[in-house]
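With chain E held as given, fit chain A onto it using these hints.
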Amino acid sequence: MTKNFKWNKKDLLGLEYLSAEEITHILDTAESFKEVTTRDIKKVPALRGKTAANLFYEPSTRTRGSFEIAEKRLSCDVVNMDMKASSITKGETLIDTGKNLEALKIDIFVIRHSNPGAPNILARNVSASIINAGDGFHEHPTQALLDLFTIREKLGKIKGKNVSIIGDITHSRVARSNIWGLKKLGANVTICAPKIILPKFAKEFGVKVTDKIDVALKDADAINVLRMQFERDIADAFPSKEEYFNQYGISEERLKKAKKNIVVMHPGPINRGIEMSSEVADGKNSVILEQVTNGIAIRMAVLYLVAGVKNKVSS
Amino acid sequence: MKYLIKNSTVIDPKNNINEVLDVLISNGKIKQIGKNLKALGAKTINAKGMITAPGFVDMHVHFRQPGFEYKETILSGSLSAIKGGVTSVAVMPNTNPVMDTSERVENLQKIIKKDGKINVFVLGCITREQKGENITDFSKLKSVGCVGFTDDGHCVNSAKVMEKAFEKSGKRNLLFISHAEDTSLSAGGVMNEGFIADKLGLKGVSNESEYKIVERDIKLAKKHKARIHIAHVSTKESCELIRKAKKQGVKITAEATPHHFTLTEKECESFNANFKMAPPLRKQKDVDAIKKAIKDGTINCIATDHAPHAVHEKDIEFSNAMNGIIGLETALPLAIENLVDTKHLNMMGLVCVMSYSPAQILGVDKGHLTEGSEADVVVFDPQEKWIYNKEDIVSKSKNSPFIGKELKGKVKYTFVAGKLAS
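Respectively, the protein sequence lines represent chains E and A. For the record, in the first sequence the residue sitting at position 158 is 158 according to my numbering, with numbers rising by one throughout. For the record, in the second sequence the residue sitting at position 394 is 394 according to my numbering, with numbers rising by one throughout.
Take these hints with a grain of salt, some might be off.
Claimed, not checked - Per the computed footprint, the stretches of chain E lying under chain A, defined by three or more beta-carbons under 8 Å from a beta-carbon of chain A, are: (1) 92 to 106; (2) 115 to 122; (3) 132 to 144; (4) 195 to 208.
To be verified - Over the 10 Å line for every Cβ pair with chain E, so calculated as not near, a few chain A residues: (5) E19; (6) E69; (7) T101; (8) K247; (9) W386; (10) G418.
Simulated from the structure, these hints should not be mistaken for laboratory data. All C-beta atoms in this analysis are idealised placements derived from N, C-alpha and C, irrespective of residue type, glycine included.
So here's chain E without its partners, still in its complex pose:
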């Protein structure tokens, strides 16, 4: 489908910035890398001699681990930098950090940051490739790409499929990236949450917006259930975790009313018994662990594609 496609973006900042063709090309590229991960020897020399720095300004175990594994399987040298303990506390700006690390001849930065747009700012100021591993509530493109990959694998295609994203949309970069990606690939997207955690202008994403879980489940081919973050201030607006589960949690009873082969996804980590029951999380419709596996293939594809762009100029 995308055989003659030539990838030319040095960065992956978000799915809003990609075309349908570019997204599909990443998914196609990930397929061949997925095959690599099933081999006995899981390593290819694609990025031998390249160096990636994982800059995590926010704690992360799974995304960081997933990127590190992907980098290593591509034979890329890896530097992990816990930026909380690093120079930012001493007042070095993001751009200074980027330029200093670039002086170490790092080829790829993988950045996780609590401020929206931090990867965009870095990308403008260094010629190395920037991969956004989550910036505030803005985007988390590799998570959405692995979700798209998983949906495509399970349903054969994305175009025309009904996908519902359920949970705290306001505070979710996963939701935003998924919306962009799904819309671009032609899915019908519904977002569902209590009004207090739905962005006020969510309709302008071009999605169906509902606060009724039954509406979100009806006709859905796939659901992506987001983690509820009760540590946030908005938690006060909720009666209790039990109440949330009663109204929005994905239980077996609720799932019985949905399509038989509905694909159930979750970006992890799951709060069992809050956004989803254990039975559903471990049930036959759940693809949660496959998502994790697919994450490696997606991240390998992204690393491989951005690293391959020649004549990089800061965007």
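Leaving out everything else, chain A in the frame of chain E:
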């Protein structure tokens, strides 16, 4: 030194002059304006095709001294003003310390006397330490030269405190400038509320947070027959409220900044903090409403809200960056392009909102070319195109979203009290 500015179009709203004339400056004063003037020993400037106008008056600038000299000083701010044809400014009191006592203002006046290359008027605080609690001593502040009062940068959030200020004004008709922002509504916000903020994952600042305070101030000013000036109007609703209040005879005036009638919230998509301001850049409908309000006189004047910040305060993550941009050197071209070329104002109207009108609001004898008055004069070419290069910026700070852009309209000469300034 005598200067004879030949053959330019002289525009002076106060004296209703708008024709090709010569201007003779001598002994620091406007000596004569007329046809075919001759003057022995005068330096002649051939200004054919250019416009000669009263030096611009910017009633809203932050010169940061004392306290933040690394951003701007009275001297560097003055030089930046001169580059933009601005010969009078009113400096905002949110310095460190803030201008809330006569002693502090007197200290600032000393600096101004030494370093002010233009007319620098001082605004005092409405409340002590700009905390919005205790009213300052307006009489004392006025006696040391404060031309008006504002807590700019902060809103006087308490209606009770604002009302007290209006009460204390009494018959003195003091000028109060309102930074209208209900912080109980805007708290945490970094850009305009709407879909763009939603998609970027940034917290929004609603139009309501501005116009609710405008509404409140109108009500209170009306009740006490006091004067209110609304700073940096950014919303359609505020324009409508001010228009209505004027019709009802409320003593209200208002200003708009070049960025609020030039740019929209869409710019924030770049995450470039040079598009981060308070109030934030709004929607096209707000931009259109501001232009219409300037056209029909609802908004009286243009003020830049010149807000210098250092690189480490602006060239960082959008949410962490400080608010505001420098504006003195770009105000004229932005106004020409967005107000004159779009037929919202003619050149006479433009000169009025940039000089005579703000001088009237401040109550200072500036903004006109009356013979015998102090020669604060700007000569500009309304057609000349130029690139706004970072290297050419005179202000100590370089936080402008217009760097690299082609602008139309260039200041050629600025005279302050009859001296050619640069």
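Go through the numbered hints given earlier and state which of them the structure violates, listing their numbers in rising order.
-> Checked against the structure, no hint fails, so every one of them is satisfied.
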